[in-house]
Amino acid sequence: MSIYEKLESLNITLPDVTPPVAAFLPFLRSGNFIFLSGHIAKMAGKPWVGRLGENMTTAQGKEAARAVAIDLLGTLHAAVEDLNRISHITKLMVLVNSTSEFAEQHLVANGASELLWEVFGEKGAHVRAAFGAAQIPFGSCVEIDLIAEVAD
Amino acid sequence: MSIYEKLESLNITLPDVTPPVAAFLPFLRSGNFIFLSGHIAKMAGKPWVGRLGENMTTAQGKEAARAVAIDLLGTLHAAVEDLNRISHITKLMVLVNSTSEFAEQHLVANGASELLWEVFGEKGAHVRAAFGAAQIPFGSCVEIDLIAEVAD
Amino acid sequence: MSIYEKLESLNITLPDVTPPVAAFLPFLRSGNFIFLSGHIAKMAGKPWVGRLGENMTTAQGKEAARAVAIDLLGTLHAAVEDLNRISHITKLMVLVNSTSEFAEQHLVANGASELLWEVFGEKGAHVRAAFGAAQIPFGSCVEIDLIAEVAD
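Residue numbers (my numbering), protein chains in the order written: chain D, 1 to 152; chain V, 1 to 152; chain H, 1 to 152.
Bound conformation, chain D alone:
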């Protein structure tokens, strides 16, 4: 099953890439690495505002992380044109907008990690760092950046 058939079976439609509103790029290829900029969680196209420990549950945060992962896949598709050419999802940095009391950033991050595993199988198994940020651009609840590898 191709990655696109897999996405369809999960009822996932990839979004178009939102061009950053500033002097930076959504993605950059360097050798076999593809670097993706930090993507913030969005709901219905607008920043998904919230803070874990204050006005969002862990389950909602996990859902937001999954949504970010789908946006990252949209960008990755734009970067490589064919997601089947991705040889590995290498690394995620998962920032969770957190109060000083909320300590389940790893469970929030699983929303992204599990989606990548569902879509790419073993090629989707990555390393990651997840932690609490004091705040995220636009007040979004989750931000994730990603490094992937593409086959020649």
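It cannot be assumed that every hint is accurate.
As the list makes no split between identical chains, a pair holds if one copy fits it or if it spans any two.
[Said to hold, decoys possible] Here are the computed lysine to aspartate or glutamate pairs in the EDC-like style, where the Cα-Cα straight-line distance is at most 20 Å:
| no. | residue 1 | residue 2 |
| --- | --- | --- |
| 1 | K46 | E101 |
| 2 | K42 | E101 |
| 3 | K123 | D82 |
| 4 | K42 | E114 |
| 5 | K46 | D16 |
| 6 | K6 | D82 |
None of these hints come from the bench; they were simulated from the model.
Keep in mind the model is a prediction, meaning the values are calculated, not measured.
Following the hints, complete the assembly by docking chains V and H onto the known chain D.
Below, chains V and H without anything else, positioned relative to chain D:
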């Protein structure tokens, strides 16, 4: 126009590299990648202390991020000896010392992103992640690390 | 002296790798790079809970960062089978669970940086970014991720 002529036209003088005060390096080359340590914002050679949302405006934060980018260029110059050999600015991580209310980290980060674009043109267009840190060493308002690529 | 003799001279016993409790990997090799996931500080096998500026001293934080570095070496050993094959410790990201007042993340991070220098000598000299996180998974006081290079 060479990178140094460009810097002169912008009235930018590159600083000397400040050797870290501990067991780590200001830069490291690995293959064609140059990794730079996190550089904190400084003013007149001392940590530029402040927190966005508390005692600094977004415009001041953006100015601080621009100052960090100039320091990063100084370190990059020390790393490669000739900035014209930089084939790409690859990635920035921009940490903004933020209250839990301040959500314009992206605008602060633009101070660095725009400078790199001014100096390097298309070679300066990078990916980045910007977010709010609970605190930064020495109480500095901004910290940025950078990955660049050098041509063989 | 081999790396393992060095570790023995420092009375350091490498831990076994704790498999992550989710859909991500403790380490991943990509070309000559080894990427390690964020490792949280542990004491006696459990999360080393605490926050700098609140209920831990800088010295205790530094000790926790050293403990994380030892766990990272355990994972690196599992990744490459022979630590003598590591050609360089490339980069650390050091997250310190911090109040908004604590600004000595660099001194905490030295606990990891100095250990790597002790163990690997010049091959252990790395770049790094250290900063304050709002919170860390499980309430741990320090989290560190690492990139290393392995010789062919």
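Results for each hint:
1. K46 - E101: Intra 27 Å, inter 18 Å, cutoff 20 Å: inter-copy only.
2. K42 - E101: between (24 Å within a copy, 19 Å between copies)
3. K123 - D82: within (15 Å within a copy, 25 Å between copies)
4. K42 - E114: within (19 Å within a copy, 25 Å between copies)
5. K46 - D16: within (14 Å within a copy, 43 Å between copies)
6. K6 - D82: within (13 Å within a copy, 38 Å between copies)
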